[in-house]
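J.: Here's the letter readout for the chains.
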Amino acid sequence: DAGVIQSPRHEVTEMGQEVTLRCKPISGHDYLFWYRQTMMRGLELLIYFNNNVPIDDSGMPEDRFSAKMPNASFSTLKIQPSEPRDSAVYFCASSLRLGGFSTEAFFGQGTRLTVV
Amino acid sequence: AQTVTQSQPEMSVQEAETVTLSCTYDTSESDYYLFWYKQPPSRQMILVIRQEAYKQQNATENRFSVNFQKAAKSFSLKISDSQLGDAAMYFCAYFQGGSEKLVFGKGTKLTVNP
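Residue numbers (the numbering used here), protein chains in the order written: chain X, 1 to 116; chain P, 1001 to 1114.
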């Protein structure tokens, strides 16, 4: 398996524009997570899905942020409109839960977003 | 809410020496998992080692080992025979089954000097 695949690797956009980040989880994994990494706040969980259903979106900072998982192999994180303070590295991760135990979370290589 | 604290923003070690990275966490739960992740400049998050809270034995993975003190809520990472490739950010993380949330510390930047 190629691992968790995120696109694009880098995104530069102007303030006010819509930005869409994409993620393909590892096949067969039933959990998908979106994290944001900044110097000030570290790694923050934004939202996670189980079997394509959003379970906890309490980390989503504002209504400008939305995430979808239309099927088991694809998820998007959208920011509309984008602001300079949204500049960060956004990670997608997936994992498989086996019975009462969870395996590790596998991370994509992240998307570095710069909003100017 | 669970919190994870890494009190050392930066650490350095000489090649072939041993270094210990500190991590403490706060939880009222008795069953959970702890992890150390490595993030090299490539940004890839790589799992280094995992510890189940119900296990008393400290986890080891080759040159990496942990000192898990459940009562003290401490989970330090020891890197033996440090190599240049160990230079990276290291993140301690807490996981609570049921919530499926990984809570990360702020990270420790490790520099390995030749």
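Possibly wrong hints are sitting among the right ones.
[Claimed, not checked] Dumping the calculated DSSO-like pairs for lysine-lysine here, alpha-carbon to alpha-carbon at most 30 angstroms:
{"id": "1", "chain 1": "P", "residue 1": "Lys1106", "chain 2": "X", "residue 2": "Lys24"}
{"id": "2", "chain 1": "P", "residue 1": "Lys1073", "chain 2": "P", "residue 2": "Lys1055"}
{"id": "3", "chain 1": "X", "residue 1": "Lys78", "chain 2": "P", "residue 2": "Lys1101"}
{"id": "4", "chain 1": "X", "residue 1": "Lys68", "chain 2": "X", "residue 2": "Lys24"}
{"id": "5", "chain 1": "P", "residue 1": "Lys1101", "chain 2": "X", "residue 2": "Lys68"}
{"id": "6", "chain 1": "P", "residue 1": "Lys1109", "chain 2": "P", "residue 2": "Lys1070"}
{"id": "7", "chain 1": "P", "residue 1": "Lys1101", "chain 2": "P", "residue 2": "Lys1070"}
{"id": "8", "chain 1": "P", "residue 1": "Lys1101", "chain 2": "X", "residue 2": "Lys24"}
{"id": "9", "chain 1": "P", "residue 1": "Lys1078", "chain 2": "P", "residue 2": "Lys1109"}
{"id": "10", "chain 1": "X", "residue 1": "Lys24", "chain 2": "X", "residue 2": "Lys78"}
{"id": "11", "chain 1": "X", "residue 1": "Lys68", "chain 2": "P", "residue 2": "Lys1106"}
{"id": "12", "chain 1": "P", "residue 1": "Lys1109", "chain 2": "P", "residue 2": "Lys1055"}
{"id": "13", "chain 1": "P", "residue 1": "Lys1106", "chain 2": "X", "residue 2": "Lys78"}
{"id": "14", "chain 1": "P", "residue 1": "Lys1106", "chain 2": "P", "residue 2": "Lys1078"}
{"id": "15", "chain 1": "P", "residue 1": "Lys1101", "chain 2": "P", "residue 2": "Lys1073"}
{"id": "16", "chain 1": "P", "residue 1": "Lys1106", "chain 2": "P", "residue 2": "Lys1070"}
{"id": "17", "chain 1": "P", "residue 1": "Lys1106", "chain 2": "P", "residue 2": "Lys1073"}
{"id": "18", "chain 1": "P", "residue 1": "Lys1106", "chain 2": "P", "residue 2": "Lys1055"}
No lab work stands behind these hints, which were simulated from the structure alone.
J.: Each of the hints needs a verdict: does it hold here or not?
T.: Structure-based check of each hint:
no. : hint                   : result
1   : P/Lys1106 to X/Lys24   : holds (26 angstroms)
2   : P/Lys1073 to P/Lys1055 : holds (14 angstroms)
3   : X/Lys78 to P/Lys1101   : holds (21 angstroms)
4   : X/Lys68 to X/Lys24     : holds (12 angstroms)
5   : P/Lys1101 to X/Lys68   : holds (18 angstroms)
6   : P/Lys1109 to P/Lys1070 : holds (25 angstroms)
7   : P/Lys1101 to P/Lys1070 : holds (20 angstroms)
8   : P/Lys1101 to X/Lys24   : holds (19 angstroms)
9   : P/Lys1078 to P/Lys1109 : holds (14 angstroms)
10  : X/Lys24 to X/Lys78     : holds (15 angstroms)
11  : X/Lys68 to P/Lys1106   : holds (27 angstroms)
12  : P/Lys1109 to P/Lys1055 : holds (28 angstroms)
13  : P/Lys1106 to X/Lys78   : holds (25 angstroms)
14  : P/Lys1106 to P/Lys1078 : holds (18 angstroms)
15  : P/Lys1101 to P/Lys1073 : holds (18 angstroms)
16  : P/Lys1106 to P/Lys1070 : holds (21 angstroms)
17  : P/Lys1106 to P/Lys1073 : holds (17 angstroms)
18  : P/Lys1106 to P/Lys1055 : holds (26 angstroms)
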